[in-house]
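A.B. asks: These are the residues of each chain, in order.
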Amino acid sequence: MTIGQAHGALRVRGRAWVFGDEINTDDMYPGFAMKLPVHEAARHMFHATRPEWPSLVRPGDIVVAGRNFGLGSSRAVAELFVALGVAALVAEQYNSLFLRNALNYGLPAITLPDARALIAEGDVVGIDVEAGLITNHTRREEHRVPPFPDFIMQMLRSGGLINQLEDGGYLRLADAKE
Amino acid sequence: MAEPHTMIEKILGRAAGLDDVAPGQIVTCAVDMTIVIDIQFAESRLADVVRVHDPDKIAIVMDHAVPAPTVGDALHGSRARTFARTHGIRRFYDVGRHGIVHQVVAEQGLARPGTVVACTDSHTCAAGAFNAAARGLGPAEILQMVCTGRTWYRVPPAIRYELVGTMPPGVNGKDIFLTIAGRWGDATDHALEFGGPGLATVPMADRRTIATQVAEIGADFAVFPADQVCLNHFAEVAPGTPITPQHADDGASYAEVRTLDLDLVQPMVALPGTVINNARPVGELGDVRIDQAFIGSCANGQLSDIAVAAETLRGRRVADGVRLIVTPASQQVYLEAVRRGYVATLIEAGAVVTNSTCGACFGYHMGLLAPGEVCVTSSTRNFRGRMGSTEAAVYMASPATVAASAIAGRITGAAALEGVPA
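Going line by line, the protein sequences match chains A and B. Those letters in the first sequence? Residues 1 to 178, per this note's numbering, in order. Those letters in the second sequence? Residues 1 to 422, per this note's numbering, in order.
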């Protein structure tokens, strides 16, 4: 297994799921689910607006959303996406706390203005995070986005902030991670 | 000679050791106070921290789920106690000394003017009322700050609210916030800076409500100046503590300057779902029957909020078929509300006064709503499903409006009760 596969994958390709504007954290990660282990909580994503989605999404899929994606709480919604195998997020605009959480957990979160005009549900989308290149294979179209700052790229390459803290000697290595 | 700067630029610049910072710039700041809350201990890796960066720059507050409603929450408490002991954290507000984190921050002076404050909770922006650069950050970042004492910020462009006129009686910070959210909509990726000649008429409690709630419009920070109201508060809660207030410079550059005439602010209500472009004066709402009314949370569980609820309910009764839940924001607020007789007044009127916790606000461990029910709340969020069933409707208003609505059994402003015998 290469390091790229062991950690956050920075070249992904998957089916797109398209959501609307102002999807909030309590919809994606309801309060009651905060009492559950992450893999169980993930089954309740989008409980208010699209409760069937967790049973439909497949590892490698990509979530596309509109403006103000992730408004609300600091709860680590990204962990649930990662648990379901979602490979990347693409949104027209993020809530900054939600964006930071995604990147911290090694989940590439790409900003693409007009994302919903450029990607429809079910389109097969490729993302090269390092190159800042989004390819809609269904439409045979390519879109360039500005690359992340170096320190964010390093975090994504490491698979997230907690891995970096381990690598830096700040955290003892867990014998058995949950 | 440094360029003129907004308050947020100066606070973040100081913490980054930079004279000039500009919107869009990413800076690495030394964090003056990192606050870890009970549910953060769901992040089991806190137990693996080799050494904390500085135990005097860390506080632990038990608030979201206390006393523990589940075994999982009990485990978080147990981890918190072990962490505090292992790393010598003196500022540990365990069950009994607890309160909702942003209330505890206010009472204990944990957010000094001009400093950087971080906590996992998204309403950490509340401490902007004290001229601090405070925002919610993710659990992983809090872990990083505990270890390194530092994190990064993107310096946001600022929107300046120039307050003019005088805050009218019967109006709460909630009404000011809902006026802003209803009229101007979201402020994603911006800081909101407050100032102007009307600000002196806005008490600290109302500033805290406003600052708390800017999270709902996606703002990164709210920043109020360290004016006399702020300095008086700080001298009271933390006398003698050195402070480094940061003022906005003349000629600072804003994304936008908006004037808000406080004289024109009325009691407001947000309709279910979001506050963004979704609020109107209570009198324009129409007839909305309620099942539950809630006064509490970091936004409006303060002593002044409990006081207005008690004043409104004194000698009156909560309507048949309505549950009124009142949650003081801290043990200190609770004690003072007992001493002043507010709690007795509320219970006599038929309210339930609960332990201080985040509980009902985030639909976690009490006061949940059934399908088809309607709630009017003074808490922080009216998202669908936030307070229980996804088929329930949550309206948001000030404590005075919530208390009046509990009496009337339908959403109504407190003014509508005037002349009605108690």
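FYI, nobody ran anything at the bench for these hints, they're computed from the structure. None of these values were measured; they are calculated from a predicted model. Don't take every hint at face value.
Label-pair ranges, simulated between beta-carbon atoms [said to hold, decoys possible]:
1. B:44 to A:141: 35 to 45 Å
2. B:352 to A:11: 54 to 64 Å
3. B:251 to A:114: 53 to 63 Å
4. B:56 to A:146: 38 to 48 Å
5. A:21 to B:280: 19 to 29 Å
In silico negatives: residues of chain A with every beta carbon more than 12 Å from chain B [claimed, not checked]:
6. 17
7. 21
8. 47
9. 72
10. 76
11. 78
12. 99
13. 126
14. 132
15. 133
16. 162
17. 164
From the three backbone atoms N, C-alpha and C, an ideal C-beta is built for every residue, glycine too.
A.B. asks: Each hint: holds or not?
C.D. replies: Verification of the supplied hints:
Between residue 44 of chain B and residue 141 of chain A the beta carbons are some 43 Å apart, a value that agrees with the proposed interval 35 to 45 Å. Range check, residue 352 of chain B to residue 11 of chain A: Cβ separation about 55 Å, and the 54 to 64 Å hint holds. Taken as a hint, the range 53 to 63 Å is violated for the pair residue 251 of chain B and residue 114 of chain A, whose Cβ atoms sit roughly 36 Å apart. A beta carbon spacing of about 40 Å between residue 56 of chain B and residue 146 of chain A agrees with the range 38 to 48 Å that was offered as a hint.
The supplied range of 19 to 29 Å is met by residue 21 of chain A and residue 280 of chain B, whose beta-carbon atoms lie about 21 Å from each other. Residue 17 of chain A, annotated as away from the interface, keeps every beta carbon of chain B farther than 12 Å; the closest lies near 20 Å. With 12 Å as the threshold on Cβ separation, the claim that residue 21 of chain A sits away from chain B is violated: the shortest Cβ distance comes to roughly 10 Å. Listed as outside the interface, residue 47 of chain A is inconsistent with that label: its C-beta sits roughly 6 Å from the nearest C-beta of chain B, within the 12 Å cut-off.
Non-interface status of residue 72 of chain A relative to chain B is broken: a Cβ of that chain comes within 12 Å, the nearest being about 6 Å off. Separation of residue 76 of chain A from chain B is inadequate, the least Cβ-Cβ distance of about 5 Å not exceeding the 12 Å criterion. Here residue 78 of chain A does not stay apart from chain B, with its beta-carbon only about 8 Å from theirs, under the 12 Å limit. Listed as a non-interface residue, residue 99 of chain A fails to keep its Cβ farther than 12 Å from every Cβ of chain B; the least gap is roughly 9 Å.
The claim that residue 126 of chain A is not at the interface with chain B holds, since no C-beta of that chain comes within 12 Å of its own (minimum 27 Å). For residue 132 of chain A, the shortest C-beta to C-beta distance to chain B comes to about 17 Å, beyond the 12 Å cut-off, and the non-interface label holds. The claim that residue 133 of chain A lies off the interface holds: its Cβ sits roughly 23 Å from the closest Cβ of chain B, which is beyond the 12 Å cut-off. Not every CB of chain B lies more than 12 Å from the CB of residue 162 of chain A, the least distance being 5 Å, so the non-interface label is violated.
Residue 164 of chain A, annotated as away from the interface, has a beta carbon of chain B within 12 Å; the closest lies near 8 Å.
Figure legend: structure checked against the earlier numbered hints; hints not met, in rising order: 3, 7, 8, 9, 10, 11, 12, 16 and 17.
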